[in-house]
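Asker: This is what each chain is made of:
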Amino acid sequence: MLLEIHNLSVEFESMQDRVKALQAVSFSIDEGEIVGIVGESGSGKSVTALSILGLLEKNAHISTGSISYKGKNLLSLSKKDWQSLRGKEIGMVFQEPMTALHPTMRIGDQLAEVIHRHRSISYKEAYRQAVASLAEVQINDPELVARKYPFELSGGMRQRVVIALAMSAPPDLLIADEPTTALDVTIQHEVLKLMQELAQKRGTSIMLITHDLGVVAQVCQRVVVMYAGEVVETGTTQEVLHSPCHPYTKALIGALPDLAEQGQPLLAIPGESPDLRNRPDGCVFAPRCSCSLPICREDHPVLEPAVSGSLTHQVSCWGRNQ
Amino acid sequence: MNPLLAVNGVSKEYTKGNHRFQAVSGVDFAITRGETFGLIGESGSGKSTLGKMVTGLEPPTSGTITYEGNSLWNGNRFNRLKPGEMQIVFQDPQSSLDPRMRVQAIITEPLLALPAAERKEKGSKERLLALITRVGLKPDHLNRYPHEFSGGQRQRIAIARALITDPSFVVLDEPTSALDVSVQANVLNLLQELKRERNLTYLFISHNMAVIRYMCDRMAVMQKGRIVEIGHVNDIFVNPVDSYTKTLLSSLPQLHEKKEDIHV
Ligand SMILES: Nc1ncnc2c1ncn2[C@@H]1O[C@H](COP(=O)(O)OP(=O)(O)OP(=O)(O)O)[C@@H](O)[C@H]1O
Ligand SMILES: Nc1ncnc2c1ncn2[C@@H]1O[C@H](COP(=O)(O)OP(=O)(O)OP(=O)(O)O)[C@@H](O)[C@H]1O
Ligand code: SF4
Ligand SMILES: [Mg+2]
Ligand SMILES: [Mg+2]
Chain H
1071 MLLEIHNLSV
1081 EFESMQDRVK
1091 ALQAVSFSID
1101 EGEIVGIVGE
1111 SGSGKSVTAL
1121 SILGLLEKNA
1131 HISTGSISYK
1141 GKNLLSLSKK
1151 DWQSLRGKEI
1161 GMVFQEPMTA
1171 LHPTMRIGDQ
1181 LAEVIHRHRS
1191 ISYKEAYRQA
1201 VASLAEVQIN
1211 DPELVARKYP
1221 FELSGGMRQR
1231 VVIALAMSAP
1241 PDLLIADEPT
1251 TALDVTIQHE
1261 VLKLMQELAQ
1271 KRGTSIMLIT
1281 HDLGVVAQVC
1291 QRVVVMYAGE
1301 VVETGTTQEV
1311 LHSPCHPYTK
1321 ALIGALPDLA
1331 EQGQPLLAIP
1341 GESPDLRNRP
1351 DGCVFAPRCS
1361 CSLPICREDH
1371 PVLEPAVSGS
1381 LTHQVSCWGR
1391 NQ
Chain P
1420 MNPLLAVNGV
1430 SKEYTKGNHR
1440 FQAVSGVDFA
1450 ITRGETFGLI
1460 GESGSGKSTL
1470 GKMVTGLEPP
1480 TSGTITYEGN
1490 SLWNGNRFNR
1500 LKPGEMQIVF
1510 QDPQSSLDPR
1520 MRVQAIITEP
1530 LLALPAAERK
1540 EKGSKERLLA
1550 LITRVGLKPD
1560 HLNRYPHEFS
1570 GGQRQRIAIA
1580 RALITDPSFV
1590 VLDEPTSALD
1600 VSVQANVLNL
1610 LQELKRERNL
1620 TYLFISHNMA
1630 VIRYMCDRMA
1640 VMQKGRIVEI
1650 GHVNDIFVNP
1660 VDSYTKTLLS
1670 SLPQLHEKKE
1680 DIHV
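Those protein sequences? They're chains H and P, same order as listed. For the first sequence, our numbering begins at 1071 and goes up steadily by one. For the second sequence, our numbering begins at 1420 and goes up steadily by one.
Hints are computed from structural coordinates only; laboratory data are not their basis. Predicted model only: the values in this text are computed from it and were never measured. Only true hints are included.
Derived EDC-like pairs: lysine to aspartate or glutamate, alpha-carbon spacing no greater than 16 Å straight-line:
id, chain 1, residue 1, chain 2, residue 2
1, P, K1557, H, D1345
2, P, K1643, H, D1211
3, P, K1643, P, D1447
4, H, K1090, P, D1559
5, P, K1471, P, E1432
6, P, K1557, H, D1087
7, H, K1218, P, E1432
8, P, K1557, H, E1342
9, H, K1128, P, E1567
10, P, K1435, H, E1222
11, P, K1539, P, E1528
Sample of chain H residues with no beta-carbon within 10 Å of chain P, all distances over it, derived:
id, residue
12, N1077
13, E1081
14, R1088
15, S1362
16, I1365
Yeah, the Cβ is synthetic: ideal placement off N, Cα and C, and Gly gets one too.
This is chain H alone, in the form it adopts within the complex (with noise of 0.2 Å):
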C-alpha cells in the first residue's frame, strides 16, 4: 500500500470549545489506484487530505492515529521533510483555487517555473510545455491565457489551471479536492480522462475527493464514504454504488437531483447533520436513519464486512445484515 490511514482522530480546539472533525477514520490506497472520498458537506473530506499534507491548522490536534506513506510515519516527520514530499512526492489540488496562485504572476510563468524546477530543460521549453499544458486540460488560445494573471481568469479556467500546476511535475500521490465543481460535463470529462493517464501511465495514486457521484462512476476504482468526521462505508465503486449498504450512502444516491421534477421539492436527507462537539455514543448517523435499531443509539458500530467474507465492501451499520 502507498498510503495507510489507520484510526486517525482529529479535533479543533478553540477558546470555547472542541470540535471533533476526524473519529477512527482508517483507510488505504494502493499505487496507481484512484480512490473516491464522498461524504456530506462538513464530513471532513478537506480535514483528512490536509492532514495527510501536514497543513492543519494550528489550532488542529492529532489525537490518536498514524498516516503511513511508503511505510514511514508522516505524522513524525519534521517540518523540513514535509515540506520537501508536498514539493515531490505527494501533489495536492485544493478545493479553492485561489489558495494555490501566486496572485501576481502570469499563469505561464507559474506553471512554467514548475516543470522547470522538475525537468532539466530551459526555461524557454518548459514554458512552450506550460503552454501545452494548459490546452491538455482544455482551455481554449492558451498562449494568450498564459500571459494572463489569475484574476483575470474564470472560475472554471482557474480550477483547470490549477490541475495543469499540479500535473506539471507529477506526483507519487495526487490529492485533489473536489477538482472538477466549476466544470461543465464535457471538460470535466476530458479533465478526469487526463487524471486517469496519469494513474495508468504513471502509476500515480489518487485521491479524488467529490461530491459527484457521476465523478466516482467515471474514474474511481474505490470508493470511501465519509459521514461526520466517520467512515460509513468503503468498496469497490460497484460495491458502493451498486449495492449500498449504509442508509447514509443510499440516502445520498437518492437525493441525486437528475431525475427530480421542476416544482416538486427535490430530496433531501431529512434532519441535520450531528453537532462534532458532543458525538453521540451510539451511532453518529442514529438521528437521521430511518431503519435505526434499540442498540443504535447505545453502542458505536464498526467497519465491518457488509457481506459475510467480503475483504472489500465495508460497513459501520447495526443494520447491514437485515
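Position chain P with the ligands against the provided structure of chain H, taking the given hints into account.
Answerer: Chain P with the ligands alone, transformed into the frame defined by chain H:
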C-alpha cells in the same frame, strides 16, 4: 409586462496595455419579476462577467442594463439602487468572506447599508437564526471565523449573507457547486420557497443542466461571450437548436442511466 431587469446589447471588453479581450459580446435578455433566469455555458464564456455588470461590480463597455426601467450604469458610474435590493452570491465564496470577521458579522454586514429601523428589524436574532438554520448552519457557527468551515459551509454562509437584506433580485453564481446532493437539495428548496413567498427574481448561473432545469423558468446558453440560445427551459430541453446546447444536453441521459443502474 415590463421586465424587472433588461440587458440590451451589452458588451464587455477588458483592456490591458494595447491588448483587448472581448469577454461579453452584444448580449440581450430580460427577466420578469418573479422569474428565475438561468445562464449556462462554456467555462470562460462570460457568465460571471455578466453577473458582475448586473450587480454594479464591472461597468459594461457598451449597451444598457435597466432595472425597473431605470438605467443601472451611467458611463462607469453605477446608479445605486435602494440598499439591499439586489444581492450577489459569488462563484468563489472564499473571496467574498473577510477572514478577520466572525460569521455573524459577515452575514449581517449588508444590513449596515439599510436605514436604522429596517436594519434592526431585518437583523433581529430570530431572523438571523431562522436563516442560518435554513441553510444548514448552527447557532454556534456564528461566533466562528471563515477558516473554521468546510468549503460547502462557506458557500452556505455566502448564501445567508445575500439573503439577509430580503432582496428582490439575487444573482446566484454557481451557488451550490461545492455542495453534496443532499445539502444542495436543501439550499435549492430554500431558494424556491423564498421565491414563492416573496416573489423573488433570480439570475441563476450554473454549469449543471439538471440544476438549471429544476430551478429555472427560462434560460440562455452562452458560448464565447455570446448568447447562442435562449428560451423556456422546457422548450430548450425538448428541442435544443444550437449544437453546443445539444452537447450539454447529451450529458443528461447518461446521468439517468447511471441512476437507474444504481437502483437495480
Ligand atoms: N480550523 C478549524 N477549526 C474548527 N473547525 C474546523 C476547522 N477546519 C475544519 N473544521 C470543521 O471540521 C469539519 C470538517 O471539515 P472539512 O473541511 O473536512 O469538511 P469537508 O468534508 O471537506 O466538507 P465540504 O464538502 O463542505 O468541503 C467541519 O465541520 C468544519 O467546520
Ligand atoms: N478582470 C479581468 N481581466 C481580464 N479578463 C477577464 C477578467 N475577468 C474575466 N476575464 C476573462 O473574461 C472571460 C469570461 O470570464 P467569466 O468569469 O465571465 O467566465 P464564466 O462564464 O463565468 O466561466 P466559468 O464557468 O469558468 O466561471 C474569460 O476568458 C476571462 O479570462
Ligand atoms: S447503525 Fe443503526 S442508526 Fe446507524 S446507520 Fe445503521 S441502522 Fe442506521
Ligand atoms: Mg472540503
Ligand atoms: Mg464564472
